[in-house]
Amino acid sequence: MGKAELIKFVEKEASVAKELPTFKAGDTITVHYKIIEGTKERIQQYQGVVIQRNSEGATETFTVRKISGNIGVERIFPIGSPFIDKIDVNKRGVVRRARIYYIRGLRGKKARIKEKRVR
Amino acid sequence: MSGLIGKKIGMTSIYDASGKNIPCTVIEAGPCVITQVRTIENDGYEAIQLSYDEKKEKHTTKALQKHFEKAGTTPKKISYEFSRFDAEHRKKFGEVIGVDVFEEGEFIDVVGTSKGKGFQGVVKRHGFAGVGDATHGQHNRLRAPGSVGASSWPSRVFKGMRMAGRMGGDRVKMINLQIIKIFPEKNLIVVKGSVPGASGSYLILERWN
Chain A
3 MGKAELIKFV
13 EKEASVAKEL
23 PTFKAGDTIT
33 VHYKIIEGTK
43 ERIQQYQGVV
53 IQRNSEGATE
63 TFTVRKISGN
73 IGVERIFPIG
83 SPFIDKIDVN
93 KRGVVRRARI
103 YYIRGLRGKK
113 ARIKEKRVR
Chain B
165 MSGLIGKKIG
175 MTSIYDASGK
185 NIPCTVIEAG
195 PCVITQVRTI
205 ENDGYEAIQL
215 SYDEKKEKHT
225 TKALQKHFEK
235 AGTTPKKISY
245 EFSRFDAEHR
255 KKFGEVIGVD
265 VFEEGEFIDV
275 VGTSKGKGFQ
285 GVVKRHGFAG
295 VGDATHGQHN
305 RLRAPGSVGA
315 SSWPSRVFKG
325 MRMAGRMGGD
335 RVKMINLQII
345 KIFPEKNLIV
355 VKGSVPGASG
365 SYLILERWN
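Chains A and B supply the protein sequences, listed in that same order.
With the numbering used here applied, the first sequence corresponds to residues 3 to 121, in that order.
With the numbering used here applied, the second sequence corresponds to residues 165 to 373, in that order.
Keep in mind that the hints were calculated from the coordinates and are not lab data.
Any given hint could turn out to be false.
Here are the simulated lysine-lysine pairs, BS3-like style, with alpha carbons at most 30 Å apart [as the list claims (entries may be wrong)]: (1) A:K36 x B:K279; (2) B:K184 x A:K20; (3) A:K14 x B:K222; (4) B:K279 x A:K14.
Please model the entire structure based on the sequences and the hints provided.
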């Protein structure tokens, strides 16, 4: 077995299999994130546009951007995080690149992303 | 102590029971063959020599071929002596030692050769601050070491003065790395944190009691 295969083997064995929907940059998603406060656990929702998916395997992360009170907020989630309860895909966007950093410089109407027509 | 020879496979991350993301290194450890037993009567000290990683016979000298033949094994790439090896894991000449010498949760030391960085200046090599100012008349001395000593006394530069030079490629030991997981079927050990060297480089794993 090669080195990459061995790493994949370890990642597979050590992680808990979780069903997440497929999504990519440009999609609008809602992340249901578990938050532990003292002994209580509650679920927070974070909705925004996916800017990028970074890395692969167990170390993969994705960045979600939203505008909160006229201030852009970006949050990076590790995809294997046990704190992610579920992810809803709200909209499929049409973008031409895998990392849509250009959206950071755009505001209001210009920051819109064309929605993919799902047949 | 007990130990093994291994190979760095690479790094990844694993989530523990509380959901913490733990950076960890995957190491292929063993199986190692005991290719020589040093005894006080014969050699004046006690140790066992472990050998690891297959090597082609045509790349092995005749002397080494015989050495491995005696232990009843195929030629190996790397051999290393471990002194004061644990009695419980200390098997006989020619026998194979695997990852079962370690247990999950134990703390081990890992020795390797750090990545070579080439000829480096004092800022990278020794952590000098360099010259603070880029302006105010400063010119091309941003990462210079500054003075290396006084003048007429001692009229020389003291030994051991930190200067630019070859960096990396040293023997480095990381101590107290916790074993997160062991996969005996694939001879893999997952330790918390990083280990020296590039992926594919050899490592020596030891546990001191």
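Hint check results:
1. A:K36 x B:K279: Roughly 40 Å between the alpha carbons, so the hint for K36 (chain A) and K279 (chain B) is violated.
2. B:K184 x A:K20: With a Cα-Cα distance of about 17 Å, the restraint between K184 (chain B) and K20 (chain A) holds, given a limit of 30 Å.
3. A:K14 x B:K222: 38 Å, violated
4. B:K279 x A:K14: 29 Å, holds
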